[in-house]
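Using the sequences and the hints, build the whole thing.
One-letter residues, chain by chain:
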Amino acid sequence: MTKAKRSGLLSVALRVAGVVLAALVLWGAMWVYQSQKPPAQPVQFNHQRHVQDLGMSCLYCHSNAQRGVSAGLPSLTKCMACHNSIKPKTAAEKRLHEFAARQEQGRGGPGQEPGPGGPRQGRGQAGPGHAAGQGGPPAGRGMLRPYVMQNEPIPWVPVAMQPDFVYFSHRPHVNAGIACETCHGEVGQMTVAEPIKDQNMGWCLSCHKNMANDAEHFVKLSDCATCHK
Amino acid sequence: MSQEKKLTRRDVLKLAGVGGAVAAVLSGCGPMSRYVRRKPYTDMPEYQLPGESVYFATLCRECPAGCGLLVRTVEGRAIKVEGNPQHPVNRGRTCARAQASLQGLYDPDRLAGPWAAQKRGSRAGRSLSWDEAVQVVAQALQAGPGVQFLLGLVPDHLADLVSEIATALGAPEPIRFGGLALFEARQTLRQAMQAVIGQDALPHFDIANATFVLSFGANFMETWLSPVAFSRAYGHLRRGRPDLRGLFVQLEPRMSMTAASADKWAAVKPGTEGRVALAIGRLAAEMRDGVVPPAFDVDAAAIAAEAGLDMALLEKIAHYFATSPRPLAIPGGAALAHTNGLETAQAILALNAWAGNFGLPGGVQVLPAAPIYEDRNAASLQDMADLVRRMKAGQVKALLVHGTNPVFELPAGLGFAEALEKVDTVISFSPFYDETAAQADYIFPDHTPLESWGYQKARVGTDRMVVTASQPVVVPLYDTKATADVLLAAAQAVGGEVAEAVPYQDEVDFLQQALANLMDSPDGIYTAVTPKAFWGRFLQHGGWWTKEPAAVQTFDAAAILQQPLEVPAPQFDAGEFHLVVYPHPILGDGAGANRPWLQETPEPMTTVMWNSWVEVNPETARELGLRHDDIVEIRSPYGRVYAAVYVYPGIRPDTVALAFGQGHEALGRWAEGRGVNPAKLLGPHTNAAGDLAWGRVRVSLRKTGRRRPLARKEHLVGVYGDGVAQ
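Taken in sequence, the protein lines are chains A and B.
Just so you know, my numbering puts 200 at position 200 of the first sequence, and the rest follows in order with no gaps.
Just so you know, my numbering puts 693 at position 693 of the second sequence, and the rest follows in order with no gaps.
Any given hint could turn out to be false.
One-sided and incomplete, this derived list gives chain A residues near chain B with beta-carbon spacing under 7 Å [what the hints assert, rightly or not]:
(1) 50
(2) 65
(3) 68
(4) 77
(5) 80
(6) 82
(7) 136
(8) 137
(9) 158
No lab work stands behind these hints: they were computed from the structure.
For glycine and all other residues, C-beta sits at the position ideal for the given N, C-alpha and C.
Structure representation (structure tokens):
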């Protein structure tokens, strides 16, 4: 091979490597950017309207925060408790009503309560995907009863997520008297929920350090196994 | 000097463009938070906390033992089955089948709603509404005395409810049948108990408190009667007492998983177990006090030769039986599945009578029944033969099947499938499309056990009265309906006496009323003032049982010893080899074949998975020129099957063995077309009690020249080096 050809191959290889590197860097940048901006939600829920204007407390909807690991999200029924009597004007309200309509349909009409036990009235129609007269009796997952199939919950996109190796529990934090805004920001002034910048381990540890009463407490709070099990 | 091009602006722009395009594509894979979705309840129950588990106490219905379960659910989805630690039968343990009951719940081939077949055996048909289904059942019930209910072995509330309906219709009593009953010879055990202690009751063997267990073919750690309870008891036999380690000897032609735990397994000739018991009785009596009762007046040496056992071994066993503080002899299914099965059972129970252990700890016990409805016996093969005869004569107009799969489980020689053609209407309530449902006119699927209400009375495997509760742990997934509800609605539609006989609003109403008898029983773990309050506690604990074990009863069993006990020689069909058919330790009676977890679990002795095999002794294999995985034809007077050979030293040279449970032709994607069903080889012969005498069948083997490697967890060369390295 001549020296010219070899250096030609090398320069092609360098160019390919350059492209790959540039791609990776751009990809990483895109990733970080996306993780820092508020995601689009299936229903563009406006926190400011509910928290600041209407004065609702965080725990009314996210009720599990003081009892468990995850704060939880409100069920469709809880939203509709008020929104049943509010005429939908905004796009978000209209979307909410679409989900609620499917919930009613799945239940078999208003006034019929779901729940285990008691006599169950037949639905009459098999669910979607039913193949009448083809290849045997209706079977399989496509046939999940209409209550389950159409009664769709709102598929919320999580905003404040930690990686899988972090075991965060709301309960000790809420019971220590820490306000929700401390970690989640001024939610009362947000429309759609926004992730907080720089919510990383250093930030967690700095608060743990400040909250420690004494040396023993500090050791407990900053021990690896406390958050990483 | 090199001729390299310099990097121009154009190059940089090109690179950036390509890099940007690649980045745009790759960034479609963004941070995980953009792909996860959180779906809360649409209507959250009050007791539920998001992300936290809720446990329900319920009942395992995979076999009739009646173990109590705790099922863990998260946000309405069942995720794990564990045993209920307080339940007297299993005390927190479960077997593989209980664990796999989850896969029954989530079976992708489960039936999703009521259906009418265009023609029996065809998969063409139409869906019905439940209202129409109830009308069909009501129409079928109009046949009055021509109605026959065929239920499973589980002694549950449905059997009680159905017997009330049957009585009101003037129809015969419901028949409770199951594959396991074929291998446990329950009718034989009952009749033998009647002969020995005068009580028609299923015996419970208190293995835990015995000191020497002599089992004749009882696979009590696998599927026999109450395997979880007996396995626990076995643990107590060995290690539960610091000063004493119990001994265990198993006599059977094929080494089962149970025999593998024994101190000694001896390969007794099939059909001679009863006579061996008498011989042991004689030797033991001679050793203990020199007084040989008339029942044991036999020639021990001749019997030893007949059975193919060493006299020295028999003497050793007799020595233990005579000197051990609490010896216990157990008549297992394999010993009773011969034409002399009833006499064999009597002979083995006579050993217990001689040891004087009836009713005592470590002996043969009879449990009191909980005062809810009468006990109903499991059907013997003779009862099923009578049913087939009535079907063929056109006396059965409507056959309603629940919880059992007779087309698969019954011996081919009985002719059940042919007899079905003479029945006008066949309705199956199975949640799965099994062989019997495939031959039905209508399928009205019941909920699976994890979605069902109910109760079950435990009759074996515990030391006290137990009634286990069943409650749904999830909202039913499909458009299924509880069979009890369907029958109650149909009874109301029929009206008249039938409606009056079962005046219950629904299944739960029936259960609450049926359990009312237990409400103020002072021996129970709780009492209540109203049926609804009792019901709440019943569900909370997962059942009701007595605080203390049942009082010790004594029985006078001496009479059986006072006369000579004739155990006739066993009869056999023509053929070269004895055949041992045993329930697959993991798949059970075959209902577990549609659970991939069970199929994937290696069979404990051969480690074979996902298939059937035939066990052949190494000497026999050498003589016939057979190696591991060679396919042989196994032929009996009643049929033939093909299976791959597993060269197994733990079996007599004159015997081959097949596990029962594979070979389904329906039942979903994981069960169909896999393995062979030994029922095809079996005939209709019974022992004197009416139970199946599968031991009578003898088979011939024929090489086919084909091979099919079995999926085995062990090394392909095999533990004994007889396999073929590939």
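Right, here's what the structure says about each hint:
no., hint, result
1, 50, "violated, 16 Å"
2, 65, "violated, 10 Å"
3, 68, "holds, 5 Å"
4, 77, "holds, 5 Å"
5, 80, "violated, 9 Å"
6, 82, "violated, 15 Å"
7, 136, "holds, 4 Å"
8, 137, "holds, 4 Å"
9, 158, "holds, 5 Å"
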